[in-house]
Amino acid sequence: RNSVVGTTVRRAEPPEHLLADEHHQPRDGTKNYVATTVAEGCCLGAALAQTAGAGDLQAAHGAFAREARDVRPDYRPRTVSVDGWASTHQAWLALFPLVALLRCFLHGWLNIRSRGKLNESFRELSEKVWDAYHAPDRRSFAQRLRRLWEWARGQALSAWLLEQVQKLCGRAREYGAAYAHPGGQRTSNMLDRVMRSMSRYFDDCQHLHGSEEACELHCRAWALLFNYRPWHPATARANGGWRSPAERLNKHRYHDDWLQNLLVSASLAG
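Just so you know, we're using the working numbering here: the sequence shown kicks off at 490 and counts up by one.
In case anyone wonders, no lab produced these hints; they're calculated from the structure. Fair warning: there could be bad hints in the mix.
Claimed, not checked - Derived BS3-like pairs (lysine-lysine); straight-line CA-CA distance at most 30 Å:
#: 1; residue 1: Lys617; residue 2: Lys606
#: 2; residue 1: Lys617; residue 2: Lys656
#: 3; residue 1: Lys606; residue 2: Lys656
#: 4; residue 1: Lys656; residue 2: Lys520
Claimed, not checked - Between beta-carbon pairs, the in silico distance windows are:
#: 5; residue 1: Arg500; residue 2: Gln539; range: 33 to 43 Å
#: 6; residue 1: Pro719; residue 2: Ser629; range: 15 to 25 Å
#: 7; residue 1: Ala645; residue 2: Gly672; range: 35 to 45 Å
#: 8; residue 1: Thr724; residue 2: His596; range: 21 to 31 Å
#: 9; residue 1: Ala725; residue 2: Arg689; range: 15 to 25 Å
#: 10; residue 1: His596; residue 2: Leu752; range: 33 to 43 Å
#: 11; residue 1: Leu706; residue 2: Leu607; range: 17 to 27 Å
#: 12; residue 1: Tyr690; residue 2: Ala727; range: 21 to 31 Å
#: 13; residue 1: Glu505; residue 2: Asn728; range: 13 to 23 Å
#: 14; residue 1: Lys740; residue 2: Glu652; range: 46 to 56 Å
#: 15; residue 1: Pro722; residue 2: Pro515; range: 32 to 42 Å
#: 16; residue 1: Arg565; residue 2: His513; range: 22 to 32 Å
Only a predicted model underlies this, so the values are computations on that prediction, with no experimental measurement involved. All C-beta atoms, glycine included, are put in the ideal place defined by N, C-alpha and C.
Given only the sequences and the hints, what does the whole structure look like? Please build it.
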């Protein structure tokens with residue numbers, strides 16, 4: 490019941506660059522969607538949507554928007570990294586009309602890899618795709634994708650694999666938009682790390698059960714625990730001694746015991 494954003498973002502500014510996606514999760518045998526918002530390694534939004542339509546996703550992602558504006562009334566993110574699902578795009582543009590939507594390059598690559606990794610040219614194809622990704626500016630990025638497409642047409646690629654390469658190269662304008670927004674997330678890696686943990690948790694507890702309200706609270710509780718539960722000591726050492734995503738974000742802890750730190754951060758409901 491505590492504000493996820495208000496509890497997590499205590500001494501830091503609300504992040505300007507976000508990542509968002511929907512985690513498919515059964516609830517009593519019916520597919521629901523956990524609208525997830527991530528930034529700076531923290532899960533800042535986890536709300537239940539009954540369908541993947543734009544209206545339901547806007548309402549679910551809107552929980553993050555309301556809580557972020559409680560922290561800072563004039564809050565507007567600069568970018569949101571998303572996949573290609575049109576309803577997700579519509580939901581975020583309805584919530585923040587001026588936000589820049591950055592399409593995840595990794596999803597395009599995964600489509601190629603899913604059935605192309607047995608092709609004899611796959612290794613060279615992989616190198617050329619990621620060479621384009623690491624281009625220093627938007628112009629070079631577009632040039633490298635054009636060269637990739639020219640090269641691919643001369644190779645013995647299957648029709649399906651060639652189609653996926655064409656789709657990747659044809660989205661140069663969408664992928665290249667990230668160059669105008671330094672700090673924006675060009676891939677969903679940060680989001681995927683959070684959602685892998687979410688997926689393992691709900692699989693272990695046999696997915697969601699009960700009313701929509703109870704499942705909504707369950708998702709929000711998981712998000713708060715994810716942000717505050719302690720990392721492995723080796724991971725904490727690698728993160729400057731901060732022991733959880735929330736501590737690293739705020740560069741502060743109220744109490745040396747992680748649970749006390751969470752409870753103090755959640756005072757006044759966050």
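Can you name, in rising order, the numbers of the hints this structure does not satisfy? Structure breaks hints 6, 11.
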